[in-house]
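Chain Y: place on chain H using the hints.
There are 2 protein chains.
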Amino acid sequence: MLIVKKFGGSSVADKEKIFNVAKRCIEDYQKGNDIVIVLSAMGKTTDHLLEQARDINPKASKREVDMLLTTGEQISVALMAMAINALGVPAVSLNAFQVAMHTTSAYGNARLKRIDTDRIKNELENKRIVIVTGFQGINKYDDYTTLGRGGSDTTAVALAAALHADKCEIYTDVDGVYTADPRIVKNAKKLNEITYGEMLELASLGAGVLHNRSVEMAKKYGVQLVVRSSLNNSEGTVVKEEINMEKMLVSGVASDKNTARIAVIGLEDQPGVAFKLFNHLARHNVNVDIILQSVGRDGTKDISFTVKEDDLDEAVAILERHRATSLKCQKIDVERDVAKVSIVGAGMMTNAGVAAKMFEALYDVGVNIKMISTSEIRVTVLIDEVHVEKAMNAVHDKFLLS
Amino acid sequence: MLIVKKFGGSSVADKEKIFNVAKRCIEDYQKGNDIVIVLSAMGKTTDHLLEQARDINPKASKREVDMLLTTGEQISVALMAMAINALGVPAVSLNAFQVAMHTTSAYGNARLKRIDTDRIKNELENKRIVIVTGFQGINKYDDYTTLGRGGSDTTAVALAAALHADKCEIYTDVDGVYTADPRIVKNAKKLNEITYGEMLELASLGAGVLHNRSVEMAKKYGVQLVVRSSLNNSEGTVVKEEINMEKMLVSGVASDKNTARIAVIGLEDQPGVAFKLFNHLARHNVNVDIILQSVGRDGTKDISFTVKEDDLDEAVAILERHRATSLKCQKIDVERDVAKVSIVGAGMMTNAGVAAKMFEALYDVGVNIKMISTSEIRVTVLIDEVHVEKAMNAVHDKFLLS
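Going down the list, the sequences are from chains H and Y.
Counting from 1, one number per residue, gives the positions in the first sequence under my numbering.
Counting from 1, one number per residue, gives the positions in the second sequence under my numbering.
No lab work stands behind these hints, which were simulated from the structure alone.
All of these numbers come straight from a predicted model, not from anything done at the bench.
Careful: at least some of the hints might be erroneous.
It does not matter which identical chain is used: a pair holds within one copy or between any two.
To be verified - List of simulated lysine-lysine pairs, DSSO-like, C-alpha gap at most 30 Å:
| hint | residue 1 | residue 2 |
| --- | --- | --- |
| 1 | K31 | K331 |
| 2 | K121 | K140 |
| 3 | K390 | K113 |
| 4 | K190 | K17 |
| 5 | K121 | K62 |
Here chain H stands alone, though its shape is the one from the complex (with noise of 0.2 Å):
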């Protein structure tokens, strides 16, 4: 079996850890399995590479950027490959030069384009266990380039997708896939199966065991995903197309806090307002999010919408400037304090009421519900931050209560 593991930066922070990761790895190398890690840079040492960036030019170009921090995946498979030699094993060390991982020329964010797997394959069949930096890729320019935030996993997937492994272990430090944030629910339980679509409303929902970009890879080459703890032998969860067993109705509750509301009040009640007012945003990059339009009256109407809470300033600068030309409006309103607590479950498509049934439960607990919003296998809700809580717990006791 071929089998593409992923560990973090926390997972390869020191000597004791590097090890740790070496001895599991190696324990399924030794039942005859191929082995290819992907590996994160140790710790901190992303950040404290940005900082002394920043030290010395607070506008470095992204290219020199992703230069220097491409550095810091390379330090962990060295260390890496060291280690599991240590322990008698034969190991490699490659970085994206010599797998050769094509990407888009986007520094900081570029995409996996293509991927050269005759290195690979040749060190596998020496029977080597070969280490691959994560997170970084070649560009045309034969520049370095990085994947942006949860590359490492995108560069895992991709690796299981092009060497066609049996399947790709991400691992973190939690056991996998939780119906909602042990943290927050405490009847939260783990999941041993969920599909790629759910994953992908989860993750989107800032449940993010998972980055957005490694789920929709896996799903689309048909990549077997398990999330597994870096820090014990259990199961974890598997994510695939198809779970086996009938479906769970709703698979998992997530909340998102780092969200905002805007309301555009008194806007003229005429058609091509709403597209002026989201390509303003557009243009600037601005994500917008649950969208709401009241019912025109006395010629004007409202629009309410929510964008990431970090993007906030910016949308209203972006509303502010073009209030007094193209965007007629009586009033810009502001609400910092809101979260969107949602349930994902593929059951929902076949089965009516789970919407009606989430509301009830809010109900019940006095949450009041200030927008809503609906996929195929989602509902979301806009409530007050400070009813998160509880408003999760309702949720998740009414559904995932076996």
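Just chain Y now, kept in the frame of chain H:
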């Protein structure tokens, strides 16, 4: 003019020093020159990385050690590019893969074979300052290699040769090449010019401003080398083939305390004895320096020779191992506290009596000579280590006080 400038690790050890180097290079750039900068790893980075490696695996493979160490220069060049950009000048950093710096396969001690110049030339045409990682290369397996001691000097000279640069400036913490070490000889003077041959003899005698390999390469390809201070703007010392002015008789005095004498006493006076002795040492990579063989007497002879003090214990162990079998002798004597003092000068070739003048200087201050070795442009004597300072000053004053 195309200038290659090399700065060592101490010249880029922190933010302030990085900006000093950046400003200095920008000055020459703004005079209309094309600038290629070669950098070592910052400060003690290489030592720290080696410590990490040894901590994880004291017998780490050289391949993985090189994979680890090459991150050091990559960090330097990326930060330097950011610093130069911060000062408003375009710059780009390149590592051994991006330049395509081909070497032999020997990890830890590779030799440069061929440097592709396309990328660097393109960047220079785009009016960028190009910053290249010193000390590192790639071999035919697409693995990183390092060039061993003084490797960044070699990178700089090789780049200057490949690019047909007008000069190659090696920046150090001294003003240039001196007639003797100013810390030992109070009257030492800076040389404005020196020949490759003299520089080679001085480098091999422990006056080591430049590494031998870089001087050899500069000589072979006719690269004009300049040794300059990274701390001030003085002109430094030019190293070249022929010196225009009349040659000085002696251009420098050097000493080397890392030396020890072994005397093998009472060897059988037969053909092949010396061959056997030095063959044993050569097979274990122990280099021998000055050799002195006594005239045979009573059917036995003595052979004395010097080795590096670091190699002494190994050399003695090798000899003891073969003493009973192939190497019959009465006694093996060792002297640790000896040192070499040498005079170097292209003028010696055509001037008789130089050695005699040196011996006279030593006799005047009561220093006993234990061994003598000469080449066309060098005279070396072995003396007691305690007399080094006295001997160097006496010899220096005899030849070099103008």
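Tested hints:
1. K31 with K331: neither (67 Å within a copy, 58 Å between copies)
2. K121 with K140: both (23 Å within a copy, 18 Å between copies)
3. K390 with K113: neither (44 Å within a copy, 69 Å between copies)
4. K190 with K17: within (25 Å within a copy, 53 Å between copies)
5. K121 with K62: So K121 and K62 pass the 30 Å test across copies only (22 Å; inside, 32 Å).
Hints 1, 3, counting from the list given before, are not met by this structure.
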